[in-house]
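Chemist: In case you want the letters, here they are:
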Amino acid sequence: MPDSVMQNSFHLDAVPIRLERCGKTFAGGARALEPLDLTIRGGETIVFLGPSGCGKTTTLRIIAGLESPDPGGRVLFGEEDVTALPIERRNVGMVFQSYALFPNMTVAENVAYGLKVRKIARADRGRRVEEMLDLMHLGEFAGRRIDQLSGGQRQRVALARALVVRPRVLLLDEPLTALDAKLRDSLRLEIDRLLRGLGITAVYVTHDQGEAMALGDRIVVMAKGRVAQVGTPREIYYQPADGFVADFIGTMNRLGGMARGGTLSIGSATLPWSGPEGAVELLVRPEDLALAGEADGHLGGTVAAAVFLGDRTRLVVEPADGPALTVDAAGRSELGRGDRVWLRVDPARVLAVP
Amino acid sequence: MRDLSHRRGWGFWLQLGFTLLVCALLTVPMAMSMLAGLTANYFVGLKSGLTLRWVDEVLRVYSGTILLSLQIAFACLACTLVLGVPAAYALARRPGRIARLVEELLMMPVAIPGLATALALIVTYGGVGDLRGSWLFILIGHVLFTLPFMVRAVLAVMGSIDLTTLEEGAASLGAGFLRRFATVVLPNCRSGILAGSLMVLTLSVGEFNLTWLLHTPLTKTLPVGLADSYASLRIEIGSAYTLVFFLMIVPSLILMQGLSRRGRPSV
Ligand SMILES: Nc1ncnc2c1ncn2[C@@H]1O[C@H](COP(=O)(O)OP(=O)(O)OP(=O)(O)O)[C@@H](O)[C@H]1O
Ligand SMILES: [Mg+2]
Numbered sequence: 001m002p003d004s005v006m007q008n009s010f011h012l013d014a015v016p017i018r019l020e021r022c023g024k025t026f027a028g029g030a031r032a033l034e035p036l037d038l039t040i041r042g043g044e045t046i047v048f049l050g051p052s053g054c055g056k057t058t059t060l061r062i063i064a065g066l067e068s069p070d071p072g073g074r075v076l077f078g079e080e081d082v083t084a085l086p087i088e089r090r091n092v093g094m095v096f097q098s099y100a101l102f103p104n105m106t107v108a109e110n111v112a113y114g115l116k117v118r119k120i121a122r123a124d125r126g127r128r129v130e131e132m133l134d135l136m137h138l139g140e141f142a143g144r145r146i147d148q149l150s151g152g153q154r155q156r157v158a159l160a161r162a163l164v165v166r167p168r169v170l171l172l173d174e175p176l177t178a179l180d181a182k183l184r185d186s187l188r189l190e191i192d193r194l195l196r197g198l199g200i201t202a203v204y205v206t207h208d209q210g211e212a213m214a215l216g217d218r219i220v221v222m223a224k225g226r227v228a229q230v231g232t233p234r235e236i237y238y239q240p241a242d243g244f245v246a247d248f249i250g251t252m253n254r255l256g257g258m259a260r261g262g263t264l265s266i267g268s269a270t271l272p273w274s275g276p277e278g279a280v281e282l283l284v285r286p287e288d289l290a291l292a293g294e295a296d297g298h299l300g301g302t303v304a305a306a307v308f309l310g311d312r313t314r315l316v317v318e319p320a321d322g323p324a325l326t327v328d329a330a331g332r333s334e335l336g337r338g339d340r341v342w343l344r345v346d347p348a349r350v351l352a353v354p
Numbered sequence: 355m356r357d358l359s360h361r362r363g364w365g366f367w368l369q370l371g372f373t374l375l376v377c378a379l380l381t382v383p384m385a386m387s388m389l390a391g392l393t394a395n396y397f398v399g400l401k402s403g404l405t406l407r408w409v410d411e412v413l414r415v416y417s418g419t420i421l422l423s424l425q426i427a428f429a430c431l432a433c434t435l436v437l438g439v440p441a442a443y444a445l446a447r448r449p450g451r452i453a454r455l456v457e458e459l460l461m462m463p464v465a466i467p468g469l470a471t472a473l474a475l476i477v478t479y480g481g482v483g484d485l486r487g488s489w490l491f492i493l494i495g496h497v498l499f500t501l502p503f504m505v506r507a508v509l510a511v512m513g514s515i516d517l518t519t520l521e522e523g524a525a526s527l528g529a530g531f532l533r534r535f536a537t538v539v540l541p542n543c544r545s546g547i548l549a550g551s552l553m554v555l556t557l558s559v560g561e562f563n564l565t566w567l568l569h570t571p572l573t574k575t576l577p578v579g580l581a582d583s584y585a586s587l588r589i590e591i592g593s594a595y596t597l598v599f600f601l602m603i604v605p606s607l608i609l610m611q612g613l614s615r616r617g618r619p620s621v
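As you go down the protein sequences, you meet chains A and B in turn.
334 is the number that my numbering gives to position 334 of the first sequence; each next residue is one higher, with no gaps.
Start counting at 1 in the second sequence, then tack on 354, and there's your number in my numbering.
Bound conformation, chain A alone (with noise of 0.2 Å):
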């Protein structure tokens, strides 16, 4: 796909976009977003992540212009304020879970929307809608009624739809979730290729955090209507902010540990250490714990579960005091419940909350 995004030379302009102390509270006087400052940069892919009703979805209708911020609010796209613009006059371009495709109208007639209320010329605009149809491998269902499509077809229309307005922003509401896993992956890959060939500007919505990593640039991790943390998916994944962080996004063991003097004492082990001092708890990904021999390991504990995940066995480990602690084994690993095993722990990729 990113070839033939190419060859039609089909790039959009790519524009920033601000939040400046963007809050809102519903008619009912609920909360459901503490005011917000934020910038996305233009041409960047932005993911919304978050548990349900964190305001994940608030934010990106005041991005849209289909609620508007609590007084005070800015939205900016580039230099020029748009708070006060309805969504039909900002250029945007989205994607609502439920597709929100018309019923009444053919695949192309779908496509054809955004280019008629725009006023373009007949000749031209047939091009375009056969253009992006193609670019979407939708020729063949052109002439078909939306209620004969299946789901990741109607998907890809409504994808159509929004980008072929050249839209200044693509914004996508959880564009997935209605799709099961497999077709989810699929799209997934093929949004990812269209996003970075396009070079739009885009803010993506989900509670999946699978599809957060694969295609943020930069993932902003939302709880109860605040804003955790910003970052890369690398530094949301190795540097949480803290502990809502750290459990929202992959899995990760807690450990309890004591620092002092440059040394760092878990369970019978002690190493070395230039962390903080004192009690801390330690942050460990499953796979920054390793299986070792009891001479190596730091940690003895028994095998209370595993888990075959083909490319790898979970298992679950209880040490002789502490919370569980799950550890990623050799796929082949003949490891099973009751069998006495060590863990080691890499202090480099330990994080510490005093």
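Fair warning: there could be bad hints in the mix.
In silico contact screen, one side only, chain A against chain B (beta carbon under 8 Å); selected entries [as the list claims (entries may be wrong)]:
#  : residue
1  : Leu66
2  : Ile87
3  : Glu88
4  : Phe96
5  : Ser98
6  : Pro103
7  : Tyr113
8  : Gly114
9  : Val117
10 : Arg118
11 : Val165
Don't read these hints as lab results, they were simulated from the structure.
Predicted, not measured: the structure shown is a model, and the values here were computed from it.
Using N, Cα and C, we set each Cβ at its ideal position, and we do this for glycine too.
Once you've looked at the hints, dock chain B with the ligands against the given chain A.
Modeler: Relative to the frame of chain A, chain B with the ligands by itself:
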């Protein structure tokens, strides 16, 4: 398999018989009446022979009422479309207690007997200019009576589709309110609008209660003329009148049915 169909056959014939009986109860009197309109002399019976004489007479003498009925029905349809569709839209887009209350209020004229509504109209507007003698007075009554049916029919369809999201989709593509309304809202509510129109047309053409009180000798509609002729003329003329009434209403019914079927998405 054969056993099953055998057993089903039992119930089937019973049901069919019952359905046919009900149909007969409904249609036989109508058919008899219409046949009477074609008989030369009703008291002698079919022996006297069939004739178009009565129908001809009705068309000659009463064509005025027929035309007025049609005129009122289509004017009424236009009014209920212009008033009812936006009203239904406003109600559908505005969830909340006030909107539900308005919905209930709109149903009120249906619950009140037509005669009472007509009296209320006469008391309130009877003295306004020469409205009392104008066909517009009947039109007002008909609009009042049929509007709730239009609103309900359109509202039912609007409630079954996610209108808000569809409109947001259109807005995101740059469409302003009027364009969204014309290209997305109306076409997707088409089946409801057609059903409502069908309802309004038939209700208006057949309306008697209200019209009987509201009419003047110069503004007689078809059902009022029908009542008059049954009361004062030969029964053959009244029956021929029924026949004409049927011939008018059935084609429009069939047309509207056909249209609303085409409006449904093909699966
Ligand atoms: N129109 C509204 N009126 C009142 N409250 C609302 C409205 N829309 C959203 N909310 C509330 O605002 C909060 C944030 O909602 P939002 O839709 O932004 O969540 P979300 O992060 O998108 O969640 P999800 O993943 O479930 O879609 C929720 O508590 C929700 O109940
Ligand atoms: Mg949401």
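Chemist: All the hints need checking, so say for each whether the structure fits it.
Modeler: Each hint, compared with the structure:
1. Given hint, Leu66(A) at the interface with chain B, holds; its Cβ is 6 Å from that chain's nearest Cβ, closer than 8 Å.
2. The restraint placing Ile87(A) at the interface with chain B holds, with a minimum CB-CB distance near 5 Å, inside the 8 Å limit.
3. For the restraint placing Glu88(A) at the interface with chain B, the shortest Cβ-Cβ distance is roughly 5 Å, inside the 8 Å limit, so the hint holds.
4. For Phe96(A), the interface hint holds, the least distance from its beta-carbon to any beta-carbon of chain B being 6 Å, beneath 8 Å.
5. Restraint check, Ser98(A) versus chain B: the minimum CB separation of about 6 Å is within 8 Å; hint holds.
6. Checking Pro103(A) against chain B: minimum C-beta separation of about 6 Å stays under 8 Å; hint holds.
7. Checking Tyr113(A) against chain B by beta carbon gives a least distance of about 5 Å; that is within 8 Å, so the hint holds.
8. Interface hint at Gly114(A): satisfied, since its Cβ lies 4 Å from the closest Cβ of chain B, which is below the 8 Å cut-off.
9. Interface restraint check: Val117(A) against chain B, minimum CB-CB distance 4 Å, threshold 8 Å, status holds.
10. For Arg118(A), the interface hint holds, since its Cβ comes within 8 Å of a Cβ in chain B; the closest pair sits about 6 Å apart.
11. For Val165(A), the suggested interface contact is upheld, since its CB lies about 6 Å from the closest CB of chain B, less than 8 Å.
Hint check: no violations occur; every hint is consistent with the structure.
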